[in-house]
Each structure stands twice: as structure tokens, then as C-alpha cells.
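Peer 1: Below, each chain spelled out in residue letters.
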Amino acid sequence: MTTVPLPTSGPIRDTLEARPDSDNYLTHTRGVLSWVFTLDHKRIGVMYMWAVLASFLLGGIFALLLRTELLTPGPTITADASVYNKWFTLHGAIMVFLVIIPSIPAALGNVILPIMLGAKDVAFPKLNLFSFYLWMSGAVLCIVSLAMGGFDTGWTFYTPYSTTTDTGGVIPVLTAVFLLGFSSIFTGLNFVVTVHKLRPPGMTWFRMPLFLWALYATAIIQVLATPVLGITLLLLIVERTINIGIFNPSMGGDPVLYQHFFWFYSHPAVYIMILPAMGIISEIIAINSHRSIFGYRFIAFSSIAIAMFSFIVWGHHMFTSGQSPLMNTLFSAISFSVAIPSAVKVFNWVATLYKGSVSLTTPMWYALAFIFLFTIGGLTGLHLATLSTDVHLHDTYFVVAHFHYVMMGSALIAMIGGLHHWWPKIFGRMYHEKLGTVACWIIFIGFNVTFFTQFMLGSQGMPRRYYDYQPEYQVYHVISTMGSYIMAFGFTLTAVSLFGSFFTGQRAPANPWGGRSLEWQCASPPPFDNFAKTPRVGDCYDFTDVHWDEKTGGYWVDESADTAKDGRPA
Amino acid sequence: MPTMLQLLPNAAAHAVAAAAAAQSGAAEPSPRTFWMPPGASTIAPGVDLTLEVINWICYAFFAVIVALMVYFVAKYRHRRGERFRTEFPHHNTPLEIGWSVLPTLIVIGIFVVGFRSYLDIYTAPKNAFDIKVTAQKWGWTFQYPNGAQSEDLYVPSGKPVRLVLRSNDVLHSLYIPDFRVKRDVVPGRYTYMWFQCDHPTGLPGAELRDPNAKTVSGPLDASQRHALHCTEYCGTGHSKMNRYVYVLDETTFGEWMSKQAQWIDDIPEEELFFKAGPKLFQRCVQCHSLDGVNGIGPSWKGIIDRVKAYPMVGEGKKYATYQDYIRTSILVPGDYVVPPYANAMPTFKGQLNDKAIDALIGYMEHLDDFDPKTGKYLKAPAAK
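Here the protein sequences line up with chains U and Y, keeping their order. The numbering used here applies: residue 793 is where the first sequence begins, and numbers increase by one. The numbering used here applies: residue 152 is where the second sequence begins, and numbers increase by one.
Since the hints were derived computationally from the structure, they do not count as laboratory data. It cannot be assumed that every hint is accurate.
[Said to hold, decoys possible] Calculated pairs, PhoX-like style, for lysine-lysine (alpha carbon to alpha carbon, straight line, at most 25 Å):
(1) Lys-226(Y) <-> Lys-277(Y)
(2) Lys-430(Y) <-> Lys-452(Y)
(3) Lys-430(Y) <-> Lys-468(Y)
(4) Lys-1226(U) <-> Lys-226(Y)
(5) Lys-1147(U) <-> Lys-500(Y)
(6) Lys-500(Y) <-> Lys-452(Y)
[Said to hold, decoys possible] Label pairs and their computed distance ranges (CB to CB):
(7) Gly-339(Y) <-> Leu-919(U): 26 to 34 Å
(8) Val-1267(U) <-> Phe-213(Y): 33 to 41 Å
(9) Ser-251(Y) <-> Leu-919(U): 34 to 42 Å
(10) Glu-422(Y) <-> Ile-1034(U): 25 to 33 Å
(11) Thr-860(U) <-> Tyr-341(Y): 39 to 47 Å
(12) Val-221(Y) <-> Ile-1034(U): 57 to 65 Å
(13) Leu-919(U) <-> Thr-274(Y): 52 to 60 Å
(14) Ile-1104(U) <-> Phe-213(Y): 22 to 30 Å
[Stated by the list, open to error] What the simulated footprint calls covered on chain U by chain Y, stretch by stretch (three residues with Cβ under 8 Å from a Cβ of chain Y suffice, anywhere in the stretch; the number is not a length):
(15) 1002-1015
(16) 1157-1171
It should be emphasised that the depicted structure is a prediction, and the values quoted were computed from it without experimental measurement. Backbone N, C-alpha and C fix where the C-beta goes; we use that ideal spot for every residue, glycine too.
So that you can see chain U by itself, here it is in the shape it has in the complex:
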């Protein structure tokens, strides 16, 4: 690489300003077919994003139906308990398999990961497109299963109920989840190879942005755990269609075996959901505090630690299943170990605020909401990892509240925060900042009203998945349902703020938040091949040479100062 002499300032800004009007990945080629057959990671990511957001809308509608039904004991909006059972099953299955699992890695990750690495694309662009179409076939099959009568198995597909229920959509949805699983495996594989092979010169492992560490740890889980889900669902299909007894005791099978298989995937899957979210939070907090992230190595290693521990704690979903007390004891002990790397991350994020320069942008509000909600979600995990209290709380609304704090309050809130953070980069438009912040507050309040109530509901003894309940629980249910309406309003405002940017949003500068990682060094939206020249890799959390520029409404990086500091040529 030849050394390009860098002027003290100016030219970088000029190139960034010049680019938005010219060619970018959205305008590079035109027509529907240019999207259908695209191999560009950014376009694939954007397609994932629309599909995930559409699924989120669908899953959200089912959530609102559920909450409305629970306003009163007995019938409220449907007199048929099996209709309610289909609603909660669909809500769970859609939100887990179609929304949260693909939301950060497949949608945001696909767009951002290669740019953050300074690469032109992922390692296997065709495999990337293939996994998108696998995902789409899975999503279409879910719709087909709805048309075939839906399914009422719960998203966990516990046997022998799932192999004996006569709702017609069970086999299509199992096939759908099987395909979605392969999509997830291929995306993970792609990311592992990309991170290993396409890092630019100078980006050592410990110079990687923490979002990449998180995606890398996630990808490893995706590749190692998802095949177990695939084979389990295949066995379920075999049992249901040709009556080979694997899980159904009336045919000689073992239903507890199914639970082991299922949670061997689905517990690590919880970390497929939360790890990339933690990565986003690390980015947002560091950039908006404009200071180096506190304890970079601890955060990076804790991602890997969580990924490893995630494989050996699945049995804590089964403390009351009839599993032996020795197993329960071991799984309880190991489960506590996950608390430590999680706590370390939270402490590091809070410490990053210390003596920083905190800009309260919308993504930053989401990150702060994340810390608040994840702390509650994580701490209530202690109640559930503890053997004696879990016996009381298992399968009650306490568990429902706990995993909504982690999956929705943490993973999804981080995903929405990340969407705001990278929205200007992806679409080249600024959303309405005030509206975005207000919407974040409304979602935050609505979320707590909805789900904190459910902790009380559960510890008071209300079982989950109940269509009918005793009148003494009604007051909690009414509060919870009101919270869900508040949240729905908040999400509507978020949609207005984001989608409104296409019509009224200002043109986004290349670097609206003052980031140092590579994606902020290319134009917004990025050009088709990401970087006009191979970017220079510095310390992505050193913000000392980032300066505000009133003219562009964004930040610029004074690279000459950086060069002078560590003495390396660009």
C-alpha cells in the first residue's frame, strides 16, 4: 500500500460531502430484479430489515389481541380458548423465529458488519442471498400454516401435545422453523469466515469494534446450536407423520428427551438474541459518550464467555420436569455463572459514562433504557436460577415478565436503538430526533407498565398461557394491558419518526454521531463498493480527534493528528 499524504483537514470532509448525491448502493442499479438477485450485503440486509419489521408488526398485533383478551377473566374478545391458544403460539413463534433471532445479525449485521470491517462484502455473498431466500421460504411457510388452520402448540412445541394436537398448521410451521434455522446457520457461517478472513491490515482482534465481537460470538452459537434444533424438529415431523415413537410415550418415546433437545438449542438461542444487542449497546454508549469504552477486553471476553456458558445451562428450563435433583443442582450452579459476565458488561457500560461527554441522542436514550431494563431482566434471572424459588415461579407470569425484559426490553430495544443509530448511514436521511426520543420514552414507560406488573402476577401464582383466570388477578391484567397499548402508541410514533425521514428528513452526514469505527468513514448511504479507498484502521474508540462540523451537521475525524500520535502511516 502506498502512503497517501494526508492534509491536515478538509479533503476527507470534501469527499464525504460530495458523495451522497452521486452513486450509492441504493441507486447503483435500478429495478426490482436488481434487488431480487442482488449480492450486495447492504441490500440483502435492507431486505431482511423490511421483512423483520413486517413480522414485528404481525407479532405485535397478536400481542395486542392477547392482552385485550386478558382484560377480563373468561371470554373478552373471543369465546374460544383454542383461538387464544393460537394467538399466543403465533405471537411467540413469530417474535422468536422471525423477529428477534434475525433482527440484529441478519438485518443490521448484514449491512454493518462488512463496512465495519472495511470489507467490500461478506465472505460468501451468494450464500448470503441464499440464506435470505431460505428465511423468506420459512416466513411464507408460516403464513401457509396459518391458512391451514394455524397451530396451538406454544412456540416450544412440547411433546406429546405437539404430535397429537389436531390443528392443521403444525407440520408447515415445523418445516418453516427448520428452514429459518438453516438460514441462521448460513448467516453465522458467513460472519465467522468474514471476521476471520476479511479484516483489513491493522485491525487486530483487539482493534475490532465490540459489535463485531458480539456478532462473532453470536455466529459461533448459531453455527453450533442451530443444527440441534433442526434435527429435533425433523424428528418431531417424523413422529407426527409416520408415527415413529421418539418423544411420545404412548409409542415408546420420552417427552423429557424432547425438552432436553429443544432447550439445548433454545437456551443458546437466548444469547443469539441478546449478545448482538449487547454489541450494539457497547457501540452506542461509547460513541455517544465520546470516550474510549471502559474495559474493552473485559467486554470482548465476556461475550465469548457468555457464548460458551450458554451451551451448558439448558437444564434450568426443566427444574420441575422430573429431571434428577443432581442434574437440577448442577444446572442451577452453572446458570449462575452466566450472571457474572453479564454483570461485568453492565458495570463497564456505566463506567464508560464516567467522565465522558454524554450526548443524549435517540440511540443513546435507547441504550440507557437498555441498561435499566436489562438490569431488571438479568437480576430476576437470579430468582429463576435458584432452585427453591424457581419451583414456585416456573411457568408463571414471573417467567413471562423475566424473558420479556430480556428479549424485548433488552434485545428488541437494542435493535430499535441500533436502527436509529445506523438509520442515517443506511438510508442517508436523518429521522426526527425529538419525535424519536419522545417515542423511546413512551415505549420505555409502556414496557414497564406492561411487564413489571407481570412479575407480581407471576409470584402471586398466576400460571402462564391461561385464557381464563381467577378474578383476584384482574387488576394486574388490566394494568398490563394498558401498558401494552401505551407501548403500541410508542412504536407507532417510532415508525412515524423513522419512515417520515424519507419524506422530510435532512440529508445525513457521513458521521452524525462522531463515530470512529470504519462505517462512519464512508458516505451515507455507503457507495456500492463501500469504500473508495481502503480505509485506515485506527483505534475505533479513540474519539480525541473527532470534531464537530457545523457546515455538514456531522463530525469529522482529524486523521493527521492520529497518525502523528501512533507514528504509523495511514
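Please build the complex by placing chain Y on the supplied structure of chain U, with the hints as guidance.
Peer 2: Coordinates of chain Y only, in the frame set by chain U:
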């Protein structure tokens, strides 16, 4: 790990001590708190204490984290155009090791506390009174050593009770919030749970025996009966698998059990249909109605005439008489399923004897003599 091993006998001794304390008479059930329902079993105080300890640890961590977060954000707030602060720590190894080690010690503590009270929950005393529990969609059958059966759970007070659980169909889970116990009911294997309650609730009041109450969520009897739920999703009627636990002092329990064992034997043949029929119907009411509205199964209104008209019922056919068909439908429900109903009914083989089946058939035959709303027997000079 000697400490772990030492805990085992320790916990067993603990359980025995608790049982001994109970014999000598104990205080009232603990009252409902912000977090927990009333605690009525001997293990409840241990579980509640564990929960309380964890709660306070959570409050403390949460308060510190959120307070620091808010304080730092307020204090180091940056406004556009200001210079960034450049003096800040990048990392601090002693601090980071400290905040890794401190939570480690705390969670080890929580684990040990939870493990010890778990052993109390798990280990049934040797002298426990056994009750067999059969779960099936969507009800419970409790069987007592003398052959008595009930759909609500009746237990003696001041005595450890062990439930032996089995399922006839899919997974269920038996949960008694006031006792802090829960155990999955797994088809194809037996599971166990135990508890001891020292506070008698008394027998259910008369209003609780209303045969037409379709749900158990009616007005609460003043007595402190304890709710019992199914907590493993089992299909359409999952949220209807709620019953109650009644705790009786030893004498009342003994009397109740022997009365319960022979209730049907004492009823003369000709009074069966109105004395035993409505009572037995309570096991059918989740799926069948009396008023002509079809549920998961067909309504019983006019069922005898319909059965007589079935093509496979009659002399020389598969079922010689309508009684034959109904009897088979109760014992082998899948034998002949009439569309459009699914094969959803569980078998009652081993749960209803011939006399009980006679009572049900008689009830079906005489349905017109019962008020379809209240279920009252209209020609009842003899009843009561």
C-alpha cells in the same frame, strides 16, 4: 466438596425438625405480601426467605446501577459544540476484578441458600401419606388409599403428604401457589411431590358444590382453601384445570375419606340418576353441555335420541343398544367418533365403575326432568 455433601443429611434433618414442630401445632399461614401469596406449607417460610434475600440483593444492585447511570449522564452531559473531555480512565484492573469477584461470591451464596431449601422441597419424609394423582385433559383425579376419589384435593393437616403423579395424555403440571410446590406430570413415568400443611381449611361450603358452576372462579368461600393449577400448557382447556385444596384435621379427613369411598354404593339403584348423575357430570362439563350448545364434545341434550338414530346402533349392528354405545364412548372414546367432533375425549376406564356409568346413562335419559339452567331435579320429592 465436603460442604455440599454435608448439606444433604443436614437438610433431611431440617425437614424432620419442621415436621416435628408441625405436630405440636403451628402458627397461622403467613399472610399475602406484595410479592407472595399466603404461605401455608411447612416449606413456604424457607422459600419466601430465599426470595426475600434475593429481592434485597436485586434492589441494592439495581439502585446502585441506575443511580450511577443517571448521575453520570446528568453530570457529564455534553452539548453540541463543547470540547470533549479527554481525562478519563480507560480501564482499572483492580476495579474490574473486584466487580467480577463480588457478584461471583454473591451468586455462590444464593445458590447454596436455594439448594438447601430445594432439598427440603424435594425430599419427602418417609412417613408421608400417599395420594395418587391422575391428570388428563382437562381435569384431575385424586385417589386415596381406601379407594376414594375426588376432583378437588383433600389432605390431612399436620402430616406430610406425597402426591404420586401420572398423566393419561399430554404433559401437565401440578402447582399449588400457597404451598410453593410444583411438579410436571409426565405421561409414561411417575413423578412425585410432597408438602405438609398444618392449617386446616375445613370442608367446602355448600355454595361451592353448585353442580352447574362451569368454572371454579365463583365467589370465594370464606375458608382459606388453596388454589391448585395446571401450569404446563395442555391445550384448549388448560386454564380450566383449576381445582382447590382442602386441608382437614385428621378426624374430619378420615370421615371424609370413608364417606367419599362409598358415596355411590349407598345410593339405591333407582335414585342413581338424580343423586349420582349430576355429581358425575361435573367431570364431563368442560366439554359437554346440557342446554344444546355444542362444545368440544356434543351437548347431552337429546343425546339418547340421536344415539338411537346412529347407523351403527341397533340389533345385530356394532352396538346392540344405545347404552352399549354410550358405555363404549366413555371407556374407549376413540372407538367410534361421530363427525364433526375430534377424537379429543380421554378414557374414563378405571375411574368410573359400572354403577357410575349406569348413573350417567340414567342422567342422560332423564335430562328433561332437570332444569337446564340450574340443574335442579324438578320431580324431586325424594331428593333430600
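Peer 1: Are three or more residues of the region 1157-1171 of chain U within 8 Å, CB to CB, of chain Y?
Peer 2: Contact hint for the region 1157-1171 of chain U vs chain Y: holds, 6 residues under 8 Å.
Peer 1: Between Gly-339(Y) and Leu-919(U), does the beta-carbon spacing fit 26 to 34 Å?
Peer 2: 42 Å, violated
Peer 1: Do the beta carbons of Thr-860(U) and Tyr-341(Y) sit within 39 to 47 Å of each other?
Peer 2: 41 Å Cβ-Cβ, so the 39 to 47 Å window holds.
Peer 1: For the pair Leu-919(U) and Thr-274(Y), does the Cβ-Cβ distance stay inside 52 to 60 Å?
Peer 2: 54 Å, holds
Peer 1: Could you say whether the range 33 to 41 Å given as a hint is met by the Cβ separation of Val-1267(U) and Phe-213(Y)?
Peer 2: Given about 24 Å between the Cβ atoms, the range is violated.
Peer 1: Starting from the hint 25 to 33 Å, judge whether the C-beta atoms of Glu-422(Y) and Ile-1034(U) obey it.
Peer 2: 52 Å, violated
Peer 1: Take a quick look at whether Lys-430(Y) and Lys-452(Y) sit within 25 Å of each other, Cα to Cα.
Peer 2: 17 Å, holds
Peer 1: Could you say whether the range 57 to 65 Å given as a hint is met by the Cβ separation of Val-221(Y) and Ile-1034(U)?
Peer 2: Check passed, 60 Å falls within 57 to 65 Å.
Peer 1: When you check the alpha-carbon spacing of Lys-1147(U) and Lys-500(Y), does it fall within 25 Å?
Peer 2: Violated. Lys-1147(U) to Lys-500(Y) sits at ~74 Å, over the 25 Å cutoff.
Peer 1: Quick one: see if chain Y covers the region 1002-1015 of chain U, three-plus residues with Cβ-Cβ under 8 Å.
Peer 2: n = 0 at 8 Å, threshold three: violated.
Peer 1: Can you confirm whether the C-alpha distance between Lys-430(Y) and Lys-468(Y) stays at or below 25 Å?
Peer 2: 32 Å, violated
Peer 1: Between Lys-226(Y) and Lys-277(Y), does the CA-CA distance stay at or below 25 Å?
Peer 2: The given pair, whose Cα atoms are some 62 Å apart, is violated under the 25 Å limit.
When each numbered hint is compared with the structure, violations occur for hints 1, 3, 5, 7, 8, 10 and 15.
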